[in-house]
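Student: So the chains spell out like this:
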Amino acid sequence: MATDSDKDLQFRDPDTAEELTERLEELMDDIGEPVDVMHVCGSHEQAIAKFGLRSLLPDGLSVRMGPGCPVCVTNMPEVDEAVALAEDGKVVATYGDMFRVPGTARSLEDAKADGADVRVVYSASEAADIAAENPGEEVVFFATGFETTAAPTAAVLSDDPPENFSVLSAHKYVPPAMEVVAEMPDTNIDGFLAAGHAATITGYGLFEEFVADYDIPVVVGGFEPLDVLLGLERLLEYVRDGEAGLENAYPRAVSEEGNVQARDTMWDVFETESGEWRGIAEIPAANLALREEYAASDARERFDIDPDVGGEDPLTEQCICGDIMAGKADPDGCDLFGEECTPQNPVGACMVSSEGTCKIWYEYGGQPDL
Amino acid sequence: MSETEDADGTEASGEVVTTAHGSGGGQMRSLIGDLVLSRFEDAGDVGLHDLDDGAVLPVDDDQSLVVTTDSHVVKPPVFPGGDIGRLAVAGTVNDLAVMGATEPLALSCSLVVEEGVEMDFLDTVLASARATCEEAGCSVVTGDTKVMGSGDVDRLVVNTTGVGLVPRGHHVADAGLSPGDAIVVSGTLGDHGIALLSEREGFDFEGDLESDVAPVNDLVAAALDAGEVTAMKDPTRGGFATSINEMVGKADVGAEIDERSVPVADSVAAAGEVLGIEPFDVANEGKVVFGVAPEDAEDVLAALQDQPLGADAAIVGEATADHPGRVVLDTGLGRRYLTEPEGEQLPRIC
Numbered sequence: 081m082a083t084d085s086d087k088d089l090q091f092r093d094p095d096t097a098e099e100l101t102e103r104l105e106e107l108m109d110d111i112g113e114p115v116d117v118m119h120v121c122g123s124h125e126q127a128i129a130k131f132g133l134r135s136l137l138p139d140g141l142s143v144r145m146g147p148g149c150p151v152c153v154t155n156m157p158e159v160d161e162a163v164a165l166a167e168d169g170k171v172v173a174t175y176g177d178m179f180r181v182p183g184t185a186r187s188l189e190d191a192k193a194d195g196a197d198v199r200v201v202y203s204a205s206e207a208a209d210i211a212a213e214n215p216g217e218e219v220v221f222f223a224t225g226f227e228t229t230a231a232p233t234a235a236v237l238s239d240d241p242p243e244n245f246s247v248l249s250a251h252k253y254v255p256p257a258m259e260v261v262a263e264m265p266d267t268n269i270d271g272f273l274a275a276g277h278a279a280t281i282t283g284y285g286l287f288e289e290f291v292a293d294y295d296i297p298v299v300v301g302g303f304e305p306l307d308v309l310l311g312l313e314r315l316l317e318y319v320r321d322g323e324a325g326l327e328n329a330y331p332r333a334v335s336e337e338g339n340v341q342a343r344d345t346m347w348d349v350f351e352t353e354s355g356e357w358r359g360i361a362e363i364p365a366a367n368l369a370l371r372e373e374y375a376a377s378d379a380r381e382r383f384d385i386d387p388d389v390g391g392e393d394p395l396t397e398q399c400i401c402g403d404i405m406a407g408k409a410d411p412d413g414c415d416l417f418g419e420e421c422t423p424q425n426p427v428g429a430c431m432v433s434s435e436g437t438c439k440i441w442y443e444y445g446g447q448p449d450l
Numbered sequence: 147m148s149e150t151e152d153a154d155g156t157e158a159s160g161e162v163v164t165t166a167h168g169s170g171g172g173q174m175r176s177l178i179g180d181l182v183l184s185r186f187e188d189a190g191d192v193g194l195h196d197l198d199d200g201a202v203l204p205v206d207d208d209q210s211l212v213v214t215t216d217s218h219v220v221k222p223p224v225f226p227g228g229d230i231g232r233l234a235v236a237g238t239v240n241d242l243a244v245m246g247a248t249e250p251l252a253l254s255c256s257l258v259v260e261e262g263v264e265m266d267f268l269d270t271v272l273a274s275a276r277a278t279c280e281e282a283g284c285s286v287v288t289g290d291t292k293v294m295g296s297g298d299v300d301r302l303v304v305n306t307t308g309v310g311l312v313p314r315g316h317h318v319a320d321a322g323l324s325p326g327d328a329i330v331v332s333g334t335l336g337d338h339g340i341a342l343l344s345e346r347e348g349f350d351f352e353g354d355l356e357s358d359v360a361p362v363n364d365l366v367a368a369a370l371d372a373g374e375v376t377a378m379k380d381p382t383r384g385g386f387a388t389s390i391n392e393m394v395g396k397a398d399v400g401a402e403i404d405e406r407s408v409p410v411a412d413s414v415a416a417a418g419e420v421l422g423i424e425p426f427d428v429a430n431e432g433k434v435v436f437g438v439a440p441e442d443a444e445d446v447l448a449a450l451q452d453q454p455l456g457a458d459a460a461i462v463g464e465a466t467a468d469h470p471g472r473v474v475l476d477t478g479l480g481r482r483y484l485t486e487p488e489g490e491q492l493p494r495i496c
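Chains A and B, in that order, are what the protein sequence lines are. Residue numbering for the first sequence follows our numbering, beginning at 81 and increasing consecutively. Residue numbering for the second sequence follows our numbering, beginning at 147 and increasing consecutively.
This is chain B alone, in the form it adopts within the complex (with noise of 0.2 Å):
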């Protein structure tokens, strides 16, 4: 083996992981593409290789079982409007759900804290945890504590992994958009990100930039109960203009986005502005993006609305059968495409 071979034989790029490797973009797929899908076998009838929320695995005839993990790190820890033990059980809860598993059955919950991290952080993470767990209608029933020396892990890693059962056949997809479905969101766009950069930044904005982190499998069910969902996710990480452009993708049909119809706070607009960052780029934690059967779109927009945390929401476009993969935006003014955002969001010079 020459010293450019990995030790499975195959040749050593020299590439290293940057951080735009984990921004959920295009350079994130290729990594996942390139070393990850080529490496497993699907399996259920919805797994790794579609890239979606969670995996679908069939139990009998009747039920199928939902299983999804993710891992969380948030800079800062406690944010305004929450924390990373809600962020790790409502994220959680929140892609079982999208994929149709409104009812979790329980969560795994591991965490991997840096030394030194005190005892009292903790202790309001968990709780933080905790409460979001009985919102959500859940508990966590397994997990595991590992301690990272400091300096090897930033304050507190937390993996969750959920399950959850949804009636055979009866999942919804990401994929599954179809010329004419409605697109509607669940309710105002990139408030979770905006105010997590304004935070870092130290920027003090009028107003209030807060977290939109939530369960909402509560929402999911009552828009499932009214009408045809076709397709569904969470606009996490990304934000909604790389949710969309995947639903769009994975259809193969186009979208036609009507900006004035979006929802984004005022005090997220304004601050997105100061930024120079995009709402639409940015994550939610507590939104969802629906397609919708066209005759059905005002019956789910009502049930929506009828939510708590639906309130806002808004039939904001269509699937088309134009530009497939791509969605044009109509600004009110002229007409582009909206773009996934590539890499970290950084502040610009004036």
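If we strip away everything but chain A, and leave its shape as in the complex, we get (with noise of 0.2 Å):
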């Protein structure tokens, strides 16, 4: 049964719920005209459409969803490398978020489909495991995300994993595609909603950077319902005052300096390199590459990767998800969305993923005038 203890869950609580809503009304009041804020994380988008917040949000106030989702910004050249190993009778590990999501060509799923050993993991840990279980085996770990799954990966590589395992990293970095889409010049964000979940690894002081050389507030927030609503009251008070301040509305999870060990390790393991977001940009050091002394456990060094790139469906000419990444437009403003494009059949990356803005859309009904 559905206990009093989850209903009246402090993060769910109805009244406390309300009150913040009266507050955004009210700081919306005082501000006076439109304001746009944009989340960066695709947690974020879940919690705003599962709890159905956008009904609560007062007019004017809009909450778009940046690239906060690793798997819509994984690049289709990315795809297309682990398909090719796929198919090249490595046995190849991933998120099930990523089974879907198509290549220029074709998706893992695809190459399961005709034969290929893809396996769906949880964790880069269970991904060595398979390894250490088919020593006969090639056994890859297609790795994607961000800071919160690049700290295990890296982890898993530091702990001396089987010699049959090696990594091929789509990881990226968030804080440098925050900084592309602050520079976009028809992009016009009033205020971020910074993620909570890779803040826990980085810590909310990596901001202060950002918040001085863009001049906007910046606001790390946690993911159950209040979080997000006491994140937007905090926002809005920085736009009312004309600030571009830094603050922790996550402080239960995440600290200023982060998760100093994970972090670490992290870029012991990893270095940034420059590299393409899916449907956004070219974006400077927001790729997550092995460093040189992991070289013998990365798929890149290892395997002479050569992907089938095959020619891209006409319809992915017509998908906006780099629009709709970049804060620029929502899922219904796709010709494509619900109709060509449905999670079963996705043309977009967006629609893939359950961290995906048109996915979560299409599951939670989308932005309905309730």
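Keep in mind that the hints are not guaranteed to be accurate.
[Claimed, not checked] Pairs of lysine to any residue residues, derived as SDA-like cross-links and limited to a Cα-Cα distance of at most 25 Å, are as follows: (1) B:LYS221 - A:VAL201; (2) B:LYS396 - B:SER254; (3) A:LYS130 - A:ALA375; (4) B:LYS221 - B:ARG185; (5) A:LYS192 - A:GLU167; (6) A:LYS192 - B:PRO222; (7) A:LYS130 - B:GLY262; (8) A:LYS130 - B:ALA416; (9) B:LYS396 - B:VAL162; (10) B:LYS221 - A:ASN214.
In short, the hints are calculated from the structure, not lab data.
Could you fit the two chains together into a complex? Lean on the hints.
Tutor: Structure below.
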């Protein structure tokens, strides 16, 4: 049964939600003009959609999702590399979200349907376990995700993994992507709700420079519905006061310095390099590549990967995932949404992952006027 | 005939069936609509085109025969709280029950067995099927057995067909909701689907995650005795979300559901959050969703709660004239649409 303890969970308390909602109304009245804020995490979008929070937001306050879905921003050639390895007889292990993401010609799901050995795992260590259990096979972990999953991948690599285990890194680092979005001329964001998961590793202090450089407020927020409303309230306070401040609205998980050990391990194993984020832009220092010391575990070094790059589906040219992830459009602004593009037949990556805006809108009924 | 034509002269599309076509959502409906329904005429009071839980065929002025059939495959075939034998019997008994036939006359049972399957496993499954028949007050009266080569079928497929009687004109369709009807569920939702997904993914969650698989004919009989049930469905594949959407879609009404009043076991809610799977989106095998005339809602609820399988029954919302064809979910914080899940549920990244 849903117990009272569940219903009264303080992060979901309806009375507090109502107070926060009223506060948002007051702040918007004070500000007197439309405000656009951006969150940079699919889990924020999940919380907003799942709990119907957009139905509570005052008129004029728009909460947009930025490039906060690691699956969505994984570039097509990276998917092609994973597919090529799978087709070449390697065991490819990856997160469930990556399974259906279309490459230029095919997805891992397509490769599996043709007999390739593709496994869905929950963690890098599970992928390493598969390697340990199958010493005769080459097991490649197609590693995606931001700091939250990059740190565990690094931990596995630094802990003497099996010789037949390697990593195809598509890990990405969030802060540089926020800079790119902040610089986009036609994206007028008044504040960022930063991702609590990633900040758990890197610490909120990381954003001080960003706030100063771009003169824009940043609030680190958690993923319970009240966390989101509280984060929005703090952001609107900064906007009302015309201040570019930094605040941690998720102190139960995030500290100023973060998880130092995890962060150190991550930077011991990875270094940043420039790379294309799907649909958005080439972003400097935002891809996490394995350092030379880990070349033996780097699938790109170890195997001569020759992706079978196919002709892109003409539909992908109509896909506006890039605009959606840059905060310029909503999913239902895409002609393909819910018709040609569905979770079962995704055209763009945003429709694949449970962290993707289009998938979330599809799953939770979009932004109805309720 | 060109190479791109099928034997009947229609053009071959090149499309193939995928697991998504079996998931109970829109793709499955289009498969059935395109390939099956177009080929068969309706008969009786409720027929194939109604896509209800069973067909209702008049026998004479007083009685109608209810017929339903299901093929059961489940991975793993023995799971926490049940097995494929219990599932096959309960599934068919329940499909009869939600049409109003709460005293099943008889079942057929066909087995398609993979070569190499252990006799002990079959013994367990059939003993379980028999015990479930006794619970439901019916028996298997005919059947068939086929053995397929190794790899040609995944261990075991069980097909069951059931027949039962209802007083003529007193069957309950799933399309009978009217604005104002109370939506009642007979107990906690998501138990079967979350238990199976957890087992399949190798998660060892604390707490008791067990399938709810059970015959619900007595439970349904109690509800029918207590008041006017306008619509019924057992929320199996696709879960509560799919069933309630189908019910409002067929009746062209809306529904407003209060999420806080929907019973979900703590262990199921917690496991669902970890797996990234909504308990509303996964199968139940011992639950019923009722539409009930508003004046009878409390009586039906009380009758359900008196039954062993209905202790957690709850009124969870009502049918509305607003938003026809759509289900609005009040989350206790905000409001959104409750949509049908699409396709196979996959675990998420973080």
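Student: Please go over all the hints and tell whether each is borne out by the structure.
Tutor: Verification of the hints:
Between LYS221 (chain B) and VAL201 (chain A) the CA atoms are separated by roughly 18 Å; this keeps the pair inside 25 Å, and the hint holds. A threshold of 25 Å between alpha carbons decides the hint, and for LYS396 (chain B) with SER254 (chain B) the separation of about 30 Å lies outside it, so the pair is violated. Between LYS130 (chain A) and ALA375 (chain A) the CA atoms are separated by roughly 42 Å; this puts the pair beyond 25 Å, and the hint is violated. Distance restraint check for LYS221 (chain B) and ARG185 (chain B): the Cα-Cα separation of roughly 32 Å exceeds the 25 Å cut-off, and the hinted pair is therefore not satisfied.
With a C-alpha separation of about 9 Å, the suggested pair LYS192 (chain A) and GLU167 (chain A) falls inside the 25 Å cut-off, and the hint holds. A threshold of 25 Å between alpha carbons decides the hint, and for LYS192 (chain A) with PRO222 (chain B) the separation of about 21 Å falls inside it, so the pair holds. The suggested pairing of LYS130 (chain A) with GLY262 (chain B) is violated, with an alpha-carbon distance near 46 Å, which exceeds 25 Å. Restraint check for LYS130 (chain A) and ALA416 (chain B): satisfied, since their Cα atoms lie roughly 15 Å apart, inside the 25 Å limit.
Our distance criterion of 25 Å between C-alpha atoms is broken by LYS396 (chain B) and VAL162 (chain B), whose separation comes to about 29 Å. In summary, the hint linking LYS221 (chain B) to ASN214 (chain A) is supported, as the alpha carbons are separated by about 24 Å, within the 25 Å threshold.
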